[in-house]
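Trainee: Since chain A is already given, all that's left is putting chain B on it; use the hints.
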Amino acid sequence: MSLNARRVTYAALLVLAMVTMGWEVVYDLWRTVLGDQAGEAMAGFWDLQVESYWNALLFVFILDFIYGMHRGADGRWGFAPASLKVRLTTYSALVLLCIVCSAEGPLRTVLQPLLGETVGTSVAHYFRRALEGVMATIGLMIFMDFVKPGRMSEVADKTPPSVASG
Amino acid sequence: MKPWLRRVIFYGGTLVIVVVMCQNFFKEAFLTVFGDETGESLFSFIRTNVEAPISIILIALYLDLIMAKKAPPGAAHNPPVFGLQAGSDRPV
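So the protein lines, in turn, are chains A and B.
Sequential numbering from 62 applies to the first sequence in the working numbering.
Sequential numbering from 896 applies to the second sequence in the working numbering.
Isolated chain A (complex conformation) (with noise of 0.2 Å):
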């Protein structure tokens, strides 16, 4: 499987995840699997992770293409950090994606028109609820940029500043 099939796979999933688990079908599904209560329970644990969808999507793919994160010839991990200016136009995106998913007001106006009430209401929802995901995400690139974790600074003097091809 090449690299470029496995970042779809593992970014089709969790979008399936994020589209499914606060499905009604899906807590059926976990009911009849599972009984009532405990499916009941399963189904709700699940959907209540929408942050995590979305931090682990964003996030992997700013390590993957912002900074450029590799395994090494001896094995060990590297980074190629995009250029400042890429940096921080990712920045100014997660903070508009902030400032999108705390607007469920007036984002429900706008989608409602465009998919309907039922779901632009959940839709709308589904990005208040993300909120803290983006929010976590900032703070882990505030990290990578301010604190820089091992070797990072060391590998990104030697290489230049492009983004990974992958």
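Don't take each hint at face value.
Claimed, not checked - No more than 25 Å apart at the CA atoms, straight line, and that leaves these computed lysine to any residue pairs for SDA-like:
| id | chain 1 | residue 1 | chain 2 | residue 2 |
| --- | --- | --- | --- | --- |
| 1 | B | Lys-922 | A | Ala-102 |
| 2 | B | Lys-922 | A | Leu-109 |
| 3 | A | Lys-146 | B | Gly-969 |
| 4 | B | Lys-922 | A | Trp-107 |
| 5 | A | Lys-209 | B | Asp-959 |
To be verified - Stretches of chain A that chain B covers, calculated by requiring three or more beta carbons in the stretch to come under 8 Å of a beta carbon on chain B:
| id | region |
| --- | --- |
| 6 | 65-72 |
| 7 | 113-127 |
Since the hints were derived computationally from the structure, they do not count as laboratory data.
Using N, Cα and C, we set each Cβ at its ideal position, and we do this for glycine too.
Mentor: Just chain B, lined up with the frame of chain A:
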């Protein structure tokens, strides 16, 4: 310690933390140790942050399964199979 054993401890331990965080005995232990008000408050805080260990597992899985053998920028190849060589931190 073998890399596979570290992974078993890490993933298994984190999952155990998730399960324990959701159990009623964990809540009762908090109430016993910290008293009703503080214990309830602390338990609620921890219980509502169960997303944290799940995020950790999801991000670690990406590092382990997708990026474990990602070649440095400009390198010629990315091996078409995934997983680490048994007993080694190095990519296959």
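Trainee: Indicate, hint by hint, whether the structure satisfies it.
Mentor: Each hint tested on the structure:
| no. | hint | result |
| --- | --- | --- |
| 1 | B/Lys-922 / A/Ala-102 | holds, 16 Å |
| 2 | B/Lys-922 / A/Leu-109 | holds, 19 Å |
| 3 | A/Lys-146 / B/Gly-969 | holds, 21 Å |
| 4 | B/Lys-922 / A/Trp-107 | holds, 20 Å |
| 5 | A/Lys-209 / B/Asp-959 | holds, 21 Å |
| 6 | 65-72 | holds (count 3) |
| 7 | 113-127 | holds (count 8) |
Checked against the numbered hints given earlier, the structure satisfies every one of them.
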